[in-house]
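Following the hints, complete the assembly by docking chain B onto the known chain A.
Residue numbers (my numbering), protein chains in the order written: chain A, 914 to 1269; chain B, 9 to 661.
Calculated directly from the structure, the hints in this document are not laboratory data.
Keep in mind the model is a prediction, meaning the values are calculated, not measured.
Accuracy of the hints is not assured; some may be wrong.
SDA-like cross-link-like pairs, simulated, lysine to any residue; straight-line CA separation at most 20 Å [unchecked claim]:
no., chain 1, residue 1, chain 2, residue 2
1, B, 226, A, 964
2, B, 275, A, 1216
3, B, 550, A, 1215
4, A, 1192, B, 498
5, B, 550, A, 1256
6, B, 275, A, 963
7, B, 215, A, 1028
8, A, 1026, B, 220
9, B, 550, A, 1216
10, A, 1192, B, 504
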Amino acid sequence: MIKLRSMRFLGMIVVLVIVLLLDSCEKEETPAPPIGEFQNAMFVVNEGNFTAGNASLTYYNYKTSAVSQQVFYRINGAPLGDVANSITFDENSIYIVVNNSHVVYKINAVTGKYQAKTTGLTSPRYILKIDNQRALVSDLYENNLTLINTENMEIISRIALGRTSENLLKYGNEIFITNWSAFQQDKPNNMIMIVDSENLQVTDSTEVGMEPNSMVLDKNNHLWVLCSGGYLNEEVPTLWKIDPENKDVLMRLEFPDLNSSPDNLHINKTGDTLYYLNKNVYRMAISTTQLPDNYFVRAGENDNFYALGVSPGSDVYVTDANDYTRNGTVYRYTPGGVLVQKFEAGIAPGDIGFID
Amino acid sequence: MTISPKNIAFAFLSWILFQEAEAQMIFDTLYLDETEIIARKYERNAPTKTEEIDTLVKSEFNHLSLAELLSAHTPVFVKNYGKGSLATASFRGTAASHTKVLWNDIEINSPMLGQVDLSLVPNNFYSHAILNYGGSSLENTSGALGGAINLFSGKRQPDEKLSFIQTFGSFKTFSSSLNMNLGNEKFASLTSAHLTSSENSFSFYNKAIIPPEWQTQKNASYYNRGFTQSFTYRLSAFNELEVITWNQWNFREIPPVMSSQNHDNHKEEQASFTSRNILKWKFHKKNSMLQVKAAWFYEDLDYLLVTATSVDPEDTVTFIQSVNKTNSGFIKAGLTQLLSRGWTLSAGLDVALNRVNSNNYSGIKSRNDFGLYLKIAKSFSGFVNIELLLRQQFVDNAFTPPAPFAGISVKPFEEQDLYLRFNANYNYNLPGLNDLYWYPGGNEYLKPEYGIQYEGGITYVKRVSGTLGFTVELSGYDSYINDWIQWVPTDYRYWTARNIAFVHARGLEALGQMYGQKGKVVYKFIARYSFAKSTNESNEAKEGGYAGRQLIYVPLHSGNVFAYLSYRKFECTWNTQFTGKRNTSLNDESLYSNVLPAFSLSSISVGKSFDIHSVSLEAKFGVNNLFNVSYQAVLWRPMPGRNYEVFVVFKWK
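Bound-form chain A, shown alone (with noise of 0.2 Å):
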């Protein structure tokens, strides 16, 4: 009798263990569908949470408005990483940059195929080509820019800046940098540098507001810049518009709010109407000399605005980063404000950008 009962506890360890272990077998993943070639592309850099990895990166075809999502991950079968702050195109590639991974990712502008990355980098978060085989990687930490060959990734030098950089944008023979953060630096952050793109040492600096978050160039080659006012808005944010040839300041424009903290300056590819974040979308004529009164779309009570974008077609993209813990949303607005698409985009969306 006991040993019959033996026998059948042997046998039911046995048929446990062997369900146990057949569990662990199971798939790792559900295979996704092909994603095909990038066409229309307009592109959603998911930053994902500081420490998880979970950065992601989502593909919009803004003809078809198909959306798909883990584009990275799903072509590449490894995670975009952690944090992916920027995305940047050239005619044959796009650069991602992945701030606390310490990483540029250069992917096939058709298939997002890895072809080749940067490491070693401190704290990346933006990247500019200067010419055909080089580009230069700003640094949240660093007091230095980073010099890579675009060919293979590899770091050619270090640029002293004397400052962090954050927005990187070239005109004529110029590199009109921003030193947004404070942080690692003993200086105010308040200035736009300057980089000769030949000989690539600092030329010139002129000086802005605090934090200067984003800049864009207009159709009459002005600079304008976007500074929030502070960490811990020491300053009443203000809109700079500059002339990058002499330096001189034409117009700068003070925020009623000293606690607001505008953001993500954009401007359409006609390069005559300029767009921003603060809180609400607010959009200005670049002819205007004061700030707009009235949002161009007005946030929702649980909308969380963080990133926008301009498509070639001047239709406007606003992120809402939810509460970062979950999707974010992607709005897209035709240019006289009316909302044709809502669709999902991955955690915190903090970057857009379009291949033409």
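Same frame as chain A, now just chain B:
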């Protein structure tokens, strides 16, 4: 080692009883400090689910931490960032702060975080562990919306004077555990010491970078060193005085996430020292028992993050040092009185005074918590037991609403050990001091989280013969937690704590256990399965479209199997743990970064013991992660593959 009723007995004996005669036995048992099998009977009879960790299982895990023991052998889910790293426990689909860990009845949860790092609790520092599921925790503590784990260190193995375990493991992992019992009828001394350290430099295939490559885990070493000491003195036949102290020094490096491609200029580490000290007086006479405990706990926890630029390792870019010192004083008094006709009355007073000095708070913050409870139990001829309990807290000069508990158990057949139980309770969990005072984002206006829980269960125990027996148990619960605290973003640049979620947690827990002996073969088999569905049903969740989706890092399915077999002086143990898939975000996607796949881990150990007079020597060899499963318990945190351990166990009886 043989399986006898004594070996499988429970050392824990609740002082809440339902029958006068049996109660008297319990008191005697407590007094004599014996471990007797009779204990189990009362627990089964209780309207709540309370369980002791099997002593045989515990002895197999004595060189490891509570985190490893719980995940291998209980339905409690342990979220583990890696060996030696942070590990927290959650019962029944709740959060880590809803699990209270008590040491000799006094809560060791950090007043700041509200949770306990179980990787810092060595298993040889306590003699037995009791799990109080759901409402059964209310008798000992408040706020355990999921459940409580009570560790008792004051009980001795009467036949073991000295035991010493030395292990040598893969990745330069070493541990030494010592337990020593001295004493006579009047006086007893128990000493435990534990040293463990590891370089933790395992290899893993890093698929989080392109191109993927084999890497060696860096910056992941740790050590834990500590001791406990208790002295017990019997003042008279009715009085006993005990002093217990637990002192421990811990250090760990915190490795970066797998996708980080700049390991070298990064240093993140945590060092802590804890000292926990209890003075206890126990009086019992006939049908009365009174216990008074006074305790002082101190914790010093330092966190350091230093990163440098990639150009110059001396050029520091991030330097964050968090220094946190916590002082807690406790007074706990409890009286149990057995009355006639099956009535039992218990009452208690709990005082907890916490004081935290942290550079993350503006100034020193404190919390003064006073609690009272009253419990009435009635047994109707042993077939029906009823318990009613009411707990009331007074925290920082304000009353929280009362927390009541009511439960009933029924034994329908006199001849069969079949028990049915049902209970319901209301419970409050105070926010952690970080939730209240962390700068920035702490919210002083947070309300306590409150939970309502219903639980039912059935237990059937069959002892076929003196050498064969089994137990089957099934429990179900349904609980609702309101004002669940979450950190959410604000219009400013930091996050803040808010009472935001409304969580519905429901599930099932099943246990099957069998033990027996056939000739010289002794075996034991324990299998568990847990189903825990836990979802946020708040209005925010409904509007956000994620209501009804399983909470992150709560597996819907989990289970474990433990098997033990011995023949003469040979023994073999097998353990398999199954963890179902876990969401890492609130989004309904099946890709890797949103859902971590399920995994099963198995380990096996074989050993042989040698007896030389009163000395027993045992050599053991163990393989962990036997099938070399590649898995992640937390997203993009690597875990070791197959690894080995050699044990030498020395016992002096």
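Between residue 550 of chain B and residue 1256 of chain A, is the straight-line Cα distance small enough, at 20 Å or below?
Within the cut-off at roughly 18 Å; holds.
Has the given pair, residue 275 of chain B with residue 1216 of chain A, been kept, meaning a C-alpha gap of at most 20 Å?
37 Å, violated
Would the pair residue 1192 of chain A and residue 504 of chain B pass a check requiring their Cα atoms to be no farther apart than 20 Å?
Holds, because 18 Å separates the two Cα atoms, which is no more than 20 Å.
For the pair supplied as a hint, residue 550 of chain B and residue 1216 of chain A, confirm whether the alpha-carbon distance does not exceed 20 Å.
Cα-Cα ~15 Å, so holds.
Is residue 215 of chain B within 20 Å of residue 1028 of chain A, Cα to Cα?
OK: residue 215 of chain B and residue 1028 of chain A at ~16 Å, within 20 Å.
Within a Cα-Cα threshold of 20 Å, do residue 1026 of chain A and residue 220 of chain B meet the stated pairing?
The given pair, whose Cα atoms are some 14 Å apart, holds under the 20 Å limit.
Distance restraint between residue 275 of chain B and residue 963 of chain A, which requires alpha-carbon spacing of 20 Å or less:
Given that 20 Å is the threshold and the Cα spacing comes to 17 Å, the pair holds.
Are the Cα atoms of residue 1192 of chain A and residue 498 of chain B separated by 20 Å or less?
Roughly 12 Å between the alpha carbons, so the hint for residue 1192 of chain A and residue 498 of chain B holds.
Hint check: residue 550 of chain B vs residue 1215 of chain A, CA-CA at most 20 Å. Holds or violated?
13 Å, holds
Hey, residue 226 of chain B versus residue 964 of chain A, does the alpha-carbon distance stay inside 20 Å?
16 Å, holds
When held up to the earlier numbered hints, the structure conflicts with hint 2 and nothing else.
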